[in-house]
Amino acid sequence: MKLVSLNILMGEVHEPFMEFVKSSRETTDIFCFQEVFDAPKASILKELKAALSEFDAYFAPSMRWKGRDCGLGMFVRKEISIKSQGDFFVFGKFVKIISNDFSQQGKKLQYIRFTKDGQQFTIANFHGWWFDGPKVDNPGTLEQMKLVKEFLDKQLGEKIICGDFNLNPDTQSMELLEDNMINLIKKFRIASTRPDSFPKHFSRFADYILVSRGVKIKNFEVPNLEISDHLPMILEFD
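In our numbering, the protein residues as written are 894 to 1131.
Quick caveat, the hints were computed from the structure, so don't treat them as lab data.
Any given hint could turn out to be false.
Claimed, not checked - Listed next, with one range per pair, are the computed distances between beta-carbon atoms: (1) E919 to Q1013: 22 to 30 Å; (2) G1026 to S917: 28 to 36 Å; (3) Q978 to D1089: 34 to 42 Å; (4) K1079 to S974: 29 to 37 Å; (5) K1039 to E947: 36 to 44 Å; (6) K971 to E940: 16 to 24 Å; (7) K1093 to A950: 29 to 37 Å; (8) K1039 to K976: 24 to 32 Å; (9) G1050 to K1079: 19 to 27 Å.
In this text the structure is predicted, and so the values were computed from the model without any measurement.
For every residue, glycine included, the Cβ atom is placed at its ideal position computed from N, Cα and C.
Could you put the whole structure together from the sequences, leaning on the hints where they help?
Here's what the structure looks like:
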C-alpha cells in the first residue's frame, strides 16, 4: 500500500499542488492532508474530492478562520473496506479565529481502521498544536502527545501516524511516541521536511511518520517538491 502525507498550506501553492495530487492518485491508496479548508465558495476540499473521485473523503475541521472551516482531510481508495473512522480533539476545542492568533485553535487526531490480508491497521492523521515560537516542548505539546499515545496504544494490529506535528525531533513530546514506534524521519535520516524555498532560519523539521514495529516498510521518501511550505512524505508498506 502507498500513503502520502502533506500539510497543504490551504492549497495556496495551488497549481503545483493539484498537479502533484493528480499525478499521484493512480498509485496512492491513502492521502493524509493537513490544513484542508471548506467554504461555500472557494474550497480546496471540494477540489480534492473532484480530483480524487475514486477515493472516499473524510473531513475533520477543528477551527473556523475567515469564514472557512479548516482541519484534517483523509482520502481513502474506495477499494479499501473501512471498518471504522473518526476524529477527536487532543488540544482545545473548535474555535472561531478572530485575529491571526492561532495559539488557541483546537487540534484533532483523525483515524481510519481497516483490515488487509488478515492484518488490522489503524492509520492516524495528525496536525499538532502550533504557537508562535520554536517547536519545543511545553505543557500543551506534552499533554496532546500523551493523548495521542494513549489512543494508539489501545489500537489492535499495526499502527501508522503521520502529519505535521509542529515539533523538533529531539523533544520529549516526540519521544513519547518513539517509545514503541519507529520514527521514519530518523530511521531514513531525512535532512528536512521543508522545501528549499522555506526560510533557513526556521526549523527544518515539523512533519513525521511513525509506524509500529510490525509494519513492513517497502519504501519511504520525502521528495523536495515546491508544492507547499512542507514536503510530502511518501510511505509504501505492507
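Hints and how they fare:
1. The hinted window of 22 to 30 Å between E919 and Q1013 holds, with their beta carbons roughly 26 Å apart.
2. Between G1026 and S917 the C-beta distance comes to about 33 Å, which sits within the given range of 28 to 36 Å.
3. For the pair Q978 and D1089, the beta carbons lie near 36 Å from each other, so the given range of 34 to 42 Å is met.
4. Checking the proposed 29 to 37 Å range against K1079 and S974 shows it holds: the Cβ atoms sit about 33 Å from each other.
5. The hinted range of 36 to 44 Å is satisfied by K1039 and E947, whose Cβ atoms lie roughly 37 Å apart.
6. With their beta carbons about 19 Å apart, K971 and E940 fall inside the hinted range of 16 to 24 Å.
7. For K1093 and A950, the hinted distance range of 29 to 37 Å is satisfied, since their beta carbons lie about 36 Å from each other.
8. The beta-carbon spacing between K1039 and K976, approximately 26 Å, falls within the hinted interval of 24 to 32 Å.
9. Between G1050 and K1079 the CB atoms are about 23 Å apart, so this pair conforms to the stated range of 19 to 27 Å.
Comparing the model with each numbered hint stated earlier shows that all of them hold.
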